[in-house]
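Participant: As a plain string of letters, each chain reads:
Protein chains: 2
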Amino acid sequence: MVEIRKPIFVETAVSAVMEHQLKAVSEVISIHACDNRRLSEPIYATNAIPSFDKSPYDGFAIKSSDTNGASKNCPVTFQVVDHIGAGELPTKKLQVNEATRIMTGAKIPEGADCVVMFEICHEFEQDGQPFIRLKREIPEGDNIMKEGSEIQKGDLLVEKGTLINPGIKALLATFGYHHVSVAKKPLVGIISTGTELLEIEEPLQPGKIRNSNAYMIASQVKRAGAEYRYYGQLADKLESSFGKIKSVLDEVDILITTGGVSVGDYDLMPAIYEKLGAEVLFNKVAMRPGSVTTVASMGSKLLFGLSGNPSACYVGFELFARPIIQTSLYNPNPFLKRTKAIMATSFLKANPFTRFVRGYIHFEKGTMVVHSAGMDKSNVVSSLAHTTCLMVLPGGSRGYKAGSVVDVLLLEDTEGQQSFEAFRKLKKEES
Amino acid sequence: MVEIRKPIFVETAVSAVMEHQLKAVSEVISIHACDNRRLSEPIYATNAIPSFDKSPYDGFAIKSSDTNGASKNCPVTFQVVDHIGAGELPTKKLQVNEATRIMTGAKIPEGADCVVMFEICHEFEQDGQPFIRLKREIPEGDNIMKEGSEIQKGDLLVEKGTLINPGIKALLATFGYHHVSVAKKPLVGIISTGTELLEIEEPLQPGKIRNSNAYMIASQVKRAGAEYRYYGQLADKLESSFGKIKSVLDEVDILITTGGVSVGDYDLMPAIYEKLGAEVLFNKVAMRPGSVTTVASMGSKLLFGLSGNPSACYVGFELFARPIIQTSLYNPNPFLKRTKAIMATSFLKANPFTRFVRGYIHFEKGTMVVHSAGMDKSNVVSSLAHTTCLMVLPGGSRGYKAGSVVDVLLLEDTEGQQSFEAFRKLKKEES
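From first to last, the protein sequence lines stand for chains A and B. Residue numbers for the first sequence follow the numbering used here, beginning at 1 and rising by one. Residue numbers for the second sequence follow the numbering used here, beginning at 1 and rising by one.
None of these hints come from the bench; they were simulated from the model. Be a bit skeptical, because a hint or two may be false.
Note: identical chains are not told apart, hence a pair may lie in one copy or across any two.
As the list claims (entries may be wrong) - Keeping only pairs whose Cα atoms sit at most 27 Å apart, straight-line, the calculated DSSO-like set for lysine-lysine is:
id, residue 1, residue 2
1, 349, 365
2, 93, 135
3, 365, 340
4, 301, 237
5, 184, 160
6, 244, 284
7, 222, 160
8, 23, 184
9, 365, 337
10, 184, 222
Here chain A stands alone, though its shape is the one from the complex (with noise of 0.2 Å):
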C-alpha cells in the first residue's frame, strides 16, 4: 500500500535539476534601481581614466626644465599665470618661467610637464604679481597622473553575471551607463497544500495551524534574486488541486509547493504531477530533512514539490531551488559558497543519510566556527530564525563531536561557487 522510493544521492538530485538550465533573460534598468542586481553584459571603460592628463595634488604647474639647475643657493623664480580649479580649464600655455596655480583633480595646462605640490614652494608677490620660488629640479612628469594612466577606454570592467554592489554602481556612473543591463528575475508561483493550514490573519482554530512555509519561501526565492507571486493554499483535493497548478503554470517560470509531496493518504502531488504529464526527475533524496524532496520538469518550467515540515522545505528550497535560480542570473557561480568550519556543537547519533543542519557561523580569529542553530528537530521552526549556514554531516556509521572540521554552505553569501561536490565521503575528525 505504501509506495517504495529509491532515494538518489543529493549531488544526482542537485544535477538533474541543473540539466534544465532555465532560460536567462535580459532587461534595462535605470541606474537608481540596479543595487543587488546580475549584471547581464560585461562593463567596459567608455573613456579613459583620467581622460585627460590631470594633477593628483593642489600645487603648481610648471615646465620641470625649467628647474634645471635649481638648488638651495640657486633657486629659480616663476610667475604665477593662470589659476584652475578642478572643472575649470587652463586659459594660458606657459611660456618660460611661468607657473599655473592648480587644483586636485584639474587638467594640465599646455606648456607643463610637472605639478609642484604648495608644500615645497615659496610664494611671494612683487608689484601686485604672484610669484613663486623653488630650491630644487623637479623631474619631468612628476606628480602627473597620465590620461588612461588607470584605465584605457575599451578595457573590460566587471565581468557578466557580478552582482551589483557600492563600487560597481560607481564604475557605472564613471562611465555614463544610466541605463544598465542586468538579469531580468525569474518569477516564482509559490502554492502551499494542506487542508490543516490557515491563512496568518485567522485566528487559531483546533487541528489547524498556520502557514508559514509560503512566508518563508517567499523570504528565501527574493533571497535567491528572484520574484515571488504567491498564490494561496489548496485543501486536499485532486481535482481543484490539479486544476489551480495548471493554471499558474502558465503564468510562472518555477513552482513551488509546500507539503503533498509524501506518500501519505493526503499527498496529492505525485497525483498532480502524474495528471499533468510532468518528468518527475526524483522524489526520493537520501537527505535528513527533506528526503521526500520531489522535482518535476515540464517544458521549460520547473516544479519543485518541497515538504510540508518546515525545515525540510527550506532546506531543499536551498540546495536545488536557489542554484537554478543563479544560472538564470547569469551568475557564473550558483551554488551555495561551502567552505570548512570547525563544529561548537556534538552530534553523536549516526544516521545513514546525509544530514544538512541548521547552524549559523561565528568567527574566532579568522576561523569559522558553526554553531547549531537550535533545537534540530526537523518540526522546529524557531531554529531557522538565527540560520546562516547549513553544516553538512555525511550519512554514516558514526556521529560527529564538538570540534570537527565539517562542511558548512553559506545561505548569506552572495560570491557562490561555480560546481557543487560530492558530499558521500565521511571527513576525517580534527580536535
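Let chain A serve as the given structure and place chain B on it in line with the hints.
Facilitator: Chain B in isolation, oriented as in the chain A frame:
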C-alpha cells in the same frame, strides 16, 4: 594660508559620532514587505507550539494500556473507528481496543495516549471493518508531540533589532503577525560638490569627470539599511551651496556631502558648517584614505562631509555613517563585524596613519584569507568594485608582509558587533 588641522584617532572620531545617537522610530508594515528590515519590537509566541497534542507521523492513535501484555505470541487487536487527516478533527473518543488512523500533524483523539507507526501494524479487514494487530507493548506518550513542547505561549522568540530573514519571517507567520513593527529607515540626503562634476547622462568634457560618488554612496546607504534622496550637485559657490544645504537639512535625518572638505581654494564645506552654526565634531582623522573626513552636528541632524576622492568617500561612509544609521534601526550590534584574516598581499611601505585597504575575503578550508581588491591608489574607482571588506593596517614604522594576520572589517555581513575596538596597536606578524 593653509589651515593646519590636528588629526584624531579613528576610534575617537567614531565615538564622537556615536554620541549623537539618532532617534530610532518604529513603523508597522505588512509581513509581505518585511524582508531585510529590523524588528522594532521583540517577537513573542502568541500561542503554544504545538497548539494541541499532535502526531509527528502517519500511524494509528491508541491507548497504551490496551497493549499491556502484547507480544509476538500474544498480539492485541484494535478496531479502526476513525480516520483523521492533518487539519481535520477527531470525531470519536476512543473506547477500549479502538484505534484512529491519524496523519502527520493531526490532533490526537480523546482516549488515545500514543501513536503507532504504520510500519509496525498489521492491517486487516474483518466483516468489512478495518482492524490492526500489534505484537508489542507501546509506552504511554510514544510519538505524541505534546501541546507546548516546543514553544510556550508568551515565550520570547526573537529580540528587538534583529534583521528579518526567511526563518524569522516564518516565525512571524506562525504566530499570526500579519503586520510587523520594524525600524523606520532614516532618510539620508546626498549632495555632491565640485565644479568638475558632470551628471552621468552628460557626455564627457575636457577637464571634467562624471559624478560617481553620489551613486556609490546611494548604494552604501541602502546597504546600511537607510533610504536616500539625491539632491544633485553644487558648484563651488558659497552662497548658493549654503542655501541649498540649509533647505535640505529640513528634510533629512542625515546629510552626506561629497567633496569640498579639504583645505584647498575651492573647498567650501568648512565655511558652510560655520555659516550654518553646525558643531564640527572633527575634520581630520589619522587614517588613509579619508583623513579630511568631517562630521558636524546641528540639533538632531548629522552632516557627513566625505572626501570627493572615491575611496576616501567609501571608507568614510562605512566607518562613520553606517554605525549611526544602524543604531537608528535598533541594531544592538551597529559596528562593522571585525575579525582576523591572513593577508595574501604585502604592503611593505610603512605609513604613520592607519590604512583601510579595500579587499575581498576568500575562504581556504575554514581560514579567511584577504586579498587586495585592486591597485590600491585612493583614486582608482575600479578597485572598489570587488570590495567585500576593509583590511586594517595600523599605522606605524613598518609595512606588512603577505602571510601576516590583520584585522578585517566585513562590509557584506549583517550581524555586526557591539563595540568598536581601538586600531592603535601594531599586530604581531604570523607566517
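Participant: A separate judgement is required for each hint: does it hold in the structure or not?
Facilitator: Now the hints, each set against the structure:
no. : hint      : in the structure
1   : 349 - 365 : between (30 Å within a copy, 25 Å between copies)
2   : 93 - 135  : within (24 Å within a copy, 106 Å between copies)
3   : 365 - 340 : both (15 Å within a copy, 5 Å between copies)
4   : 301 - 237 : within (23 Å within a copy, 59 Å between copies)
5   : 184 - 160 : within (13 Å within a copy, 35 Å between copies)
6   : 244 - 284 : within (25 Å within a copy, 64 Å between copies)
7   : 222 - 160 : both (21 Å within a copy, 23 Å between copies)
8   : 23 - 184  : within (10 Å within a copy, 38 Å between copies)
9   : 365 - 337 : both (20 Å within a copy, 12 Å between copies)
10  : 184 - 222 : both (13 Å within a copy, 21 Å between copies)
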